[in-house]
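**Q** As a plain string of letters, each chain reads:
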Amino acid sequence: MQEPHVTDLIPAYVLGALEPEEVDMVERHLEGCAACSAELRAQRRIAEELLVAPAQRSAPPQVRERLLEQIRALGAAPSAQGALPAAAAAEQTPQATPQPAPRSSNRIARAWQAAFGRAGASTDDDEADQELRDLMLDPESIVIAVSGTPDAPAASARLIASPQRGKAVLLASGLKAPGAGRAYQIWFLRNGQPVPNALFAVDRRGRGLSLATLGAPLGSFDTVAVTQEPEGGSPSPTGPIVLAGALRSA
Amino acid sequence: MIHCSRACDESARSGHSGSVGFDSALEPTRTFDEAIIVCKASGVSLSAGESTLTGQDFEDAELLARIAEGDTEALATIYDRYQRAVYSLCDRVTRDQGAAEEITQEVFVRLWKSAASFEPGKGRVSAWLLRIAHNLALNEVRRRFSRPVIAYEADWEVESGGVADADQQRDPAMAAWLSERAVAIRAALSQLPAPQRQAIELAFFDGLTQAEIAAAVGDPLGTVKSRIRIGMQRLREVLLAAGIDEVR
Numbered sequence: 001m002q003e004p005h006v007t008d009l010i011p012a013y014v015l016g017a018l019e020p021e022e023v024d025m026v027e028r029h030l031e032g033c034a035a036c037s038a039e040l041r042a043q044r045r046i047a048e049e050l051l052v053a054p055a056q057r058s059a060p061p062q063v064r065e066r067l068l069e070q071i072r073a074l075g076a077a078p079s080a081q082g083a084l085p086a087a088a089a090a091e092q093t094p095q096a097t098p099q100p101a102p103r104s105s106n107r108i109a110r111a112w113q114a115a116f117g118r119a120g121a122s123t124d125d126d127e128a129d130q131e132l133r134d135l136m137l138d139p140e141s142i143v144i145a146v147s148g149t150p151d152a153p154a155a156s157a158r159l160i161a162s163p164q165r166g167k168a169v170l171l172a173s174g175l176k177a178p179g180a181g182r183a184y185q186i187w188f189l190r191n192g193q194p195v196p197n198a199l200f201a202v203d204r205r206g207r208g209l210s211l212a213t214l215g216a217p218l219g220s221f222d223t224v225a226v227t228q229e230p231e232g233g234s235p236s237p238t239g240p241i242v243l244a245g246a247l248r249s250a
Numbered sequence: 001m002i003h004c005s006r007a008c009d010e011s012a013r014s015g016h017s018g019s020v021g022f023d024s025a026l027e028p029t030r031t032f033d034e035a036i037i038v039c040k041a042s043g044v045s046l047s048a049g050e051s052t053l054t055g056q057d058f059e060d061a062e063l064l065a066r067i068a069e070g071d072t073e074a075l076a077t078i079y080d081r082y083q084r085a086v087y088s089l090c091d092r093v094t095r096d097q098g099a100a101e102e103i104t105q106e107v108f109v110r111l112w113k114s115a116a117s118f119e120p121g122k123g124r125v126s127a128w129l130l131r132i133a134h135n136l137a138l139n140e141v142r143r144r145f146s147r148p149v150i151a152y153e154a155d156w157e158v159e160s161g162g163v164a165d166a167d168q169q170r171d172p173a174m175a176a177w178l179s180e181r182a183v184a185i186r187a188a189l190s191q192l193p194a195p196q197r198q199a200i201e202l203a204f205f206d207g208l209t210q211a212e213i214a215a216a217v218g219d220p221l222g223t224v225k226s227r228i229r230i231g232m233q234r235l236r237e238v239l240l241a242a243g244i245d246e247v248r
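First to last, the protein sequences are chains X and A. Residue numbering for the first sequence follows my numbering, starting at 1 and increasing by one per position. Residue numbering for the second sequence follows my numbering, starting at 1 and increasing by one per position.
Any given hint might turn out to be false.
Estimated spans, in silico, between C-beta atoms of each pair [to be verified]:
| # | chain 1 | residue 1 | chain 2 | residue 2 | range |
| --- | --- | --- | --- | --- | --- |
| 1 | A | Gly218 | X | Pro240 | 29 to 37 Å |
| 2 | X | Gly219 | A | Arg143 | 50 to 58 Å |
| 3 | A | Asn139 | X | Ala35 | 48 to 56 Å |
| 4 | A | Gln191 | X | Gln130 | 43 to 51 Å |
| 5 | A | Asn135 | X | Ser37 | 16 to 24 Å |
| 6 | A | Ala194 | X | Ala35 | 27 to 35 Å |
| 7 | A | Arg143 | X | Ala180 | 46 to 54 Å |
| 8 | A | Asn139 | X | Arg204 | 55 to 63 Å |
Which residues of chain X face chain A? A partial, calculated answer using Cβ under 8 Å [unchecked claim]:
| # | residue |
| --- | --- |
| 9 | Pro11 |
| 10 | Ala55 |
| 11 | Val195 |
| 12 | Gly215 |
Some chain A residues flagged as far from chain X (calculated, every beta-carbon gap over 10 Å) [unchecked claim]:
| # | residue |
| --- | --- |
| 13 | Arg144 |
| 14 | Arg186 |
| 15 | Ala194 |
| 16 | Pro195 |
| 17 | Asp219 |
The set of hints was computed from the structure by calculation and includes no laboratory data. All C-beta atoms in this analysis are idealised placements derived from N, C-alpha and C, irrespective of residue type, glycine included.
Hey, can you work out the whole structure from these sequences and the hints?
**A** Okay, here's the thing in structure tokens:
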């Protein structure tokens with residue numbers, strides 16, 4: 001006899017509202033049932049959203065202090081002992097030798113954050129300017145032409161990038177003012193999948209300068225593109241592509 | 001899909017052969033149409049983005065790689081991004097500021113200990129932190145009260161402005177992203193009939209089973225079961241309509 005599906009119990013299961021014997025039954029059934037497993041994933045997604053539903057308030061500042069104190073006391077080399085639930089063991093072999101931080105990554109993170117968070121910032125962004133100078137002096141730097149699409153035929157841009165630096169500066173011109181509450185956003189596409197990057201504004205002459213921090217080698221992306229998005233940016237593109245350029249001459 | 005910075009640095013060092021000088025070779029350009037062809041060829045449309053990682057995920061992976069190398073500043077950055085969401089959840093579940101503070105601290109200590117084995121492709125850091133926080137907070141509640149019966153409070157009837165305070169400035173992109181999600185889920189919850197919302201809240205945030213909820217609100221168990229099932233189904237429909245991906 002076929003075991004009955006547990007579809008109706010899954011909402012209560014993901015909310016943790018079942019009695020222990022019901023939990024056992026649901027879990028036994030889930031092992032062999034693709035349909036109920038799919039339902040489980042959908043319901044878990046809802047539960048994940050529920051986690052941010054409570055009224056939001058910040059932890060008092062002393063929590064941060066106590067945390068950092070405890071971390072320093074724990075020592076500088078976190079180990080893989082408390083493996084995350086989803087983590088695979090495969091990643092752990094090169095763990096033994098801690099590597100020196102290869103670059104001023106904190107600055108990169110902050111630059112990225114600044115760029116991402118500062119929609120509509122002035123185009124003479126200090127950090128982008130500085131990075132542009134550094135890139136100009138870097139013998140490894142390359143320049144990639146980025147063209148306006150049919151949606152923005154007058155636009156063009158240059159992406160100056162160095163594989164060693166993990167950063168790139170986009171110099172765009174011929175772009176229209178993005179309009180109130182909107183900004184341009186850079187995307188790096190890998191296998192056609194857009195990864196969001198920095199936002200930028202344009203000046204009155206339609207020129208924009210933006211610093212993009214790449215979380216991966218430039219060569220691992222195939223395309224750079226720019227779209228118009230709501231100020232603050234989008235997780236995936238919503239506006240038409242106005243600029244696009246190939247990163248690999250394949 | 002995300003590379004951690006360690007892997008990136010290695011491949012950046014070794015992978016860059018024939019380097020091109022600054023003044024040489026403007027690479028051929030890919031037009032809009034060609035970019036679209038790239039997308040289509042890989043079966044992914046630019047706007048659909050079924051499991052598109054956000055900019056925050058992208059940077060979180062880099063921060064985690066640094067945490068794994070023992071970088072306390074990276075941990076502080078992650079803390080600044082997510083303390084608010086984590087603390088608020090702990091505060092709601094425990095209804096005890098001291099406990100919420102301790103659990104918040106513990107959540108980030110666990111992240112510190114576990115960062116080396118975190119696999120960015122498997123899930124969001126924010127989701128992981130919130131799941132751990134939820135579990136620890138519920139454990140605390142269960143430890144303290146063998147049979148918690150907690151009055152229902154409409155916690156999410158908070159206007160969208162409820163997230164604005166000074167530390168939002170510290171990470172505006174993150175604040176915007178989290179507040180967008182919080183607003184969406186609260187809006188979805190506000191569309192449910194109050195008894196459905198109450199049942200979901202008592203289960204998820206107060207750790208009650210369906211039978212305990214029935215006892216707490218004085219309604220039959222079958223009624224409570226229906227409320228949970230129908231309420232969750234409606235939430236799913238509303239969130240889908242609002243464009244929240246079903247699967248990531």
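**Q** Now, for every hint given, state plainly whether the structure supports it.
**A** Hints versus structure:
no., hint, verdict
1, A:Gly218 with X:Pro240: 29 to 37 Å, "violated, 56 Å"
2, X:Gly219 with A:Arg143: 50 to 58 Å, "holds, 52 Å"
3, A:Asn139 with X:Ala35: 48 to 56 Å, "violated, 32 Å"
4, A:Gln191 with X:Gln130: 43 to 51 Å, "holds, 49 Å"
5, A:Asn135 with X:Ser37: 16 to 24 Å, "holds, 21 Å"
6, A:Ala194 with X:Ala35: 27 to 35 Å, "holds, 32 Å"
7, A:Arg143 with X:Ala180: 46 to 54 Å, "holds, 52 Å"
8, A:Asn139 with X:Arg204: 55 to 63 Å, "holds, 58 Å"
9, Pro11, "holds, 4 Å"
10, Ala55, "holds, 5 Å"
11, Val195, "holds, 6 Å"
12, Gly215, "holds, 5 Å"
13, Arg144, "holds, 17 Å"
14, Arg186, "violated, 6 Å"
15, Ala194, "holds, 15 Å"
16, Pro195, "holds, 14 Å"
17, Asp219, "holds, 14 Å"
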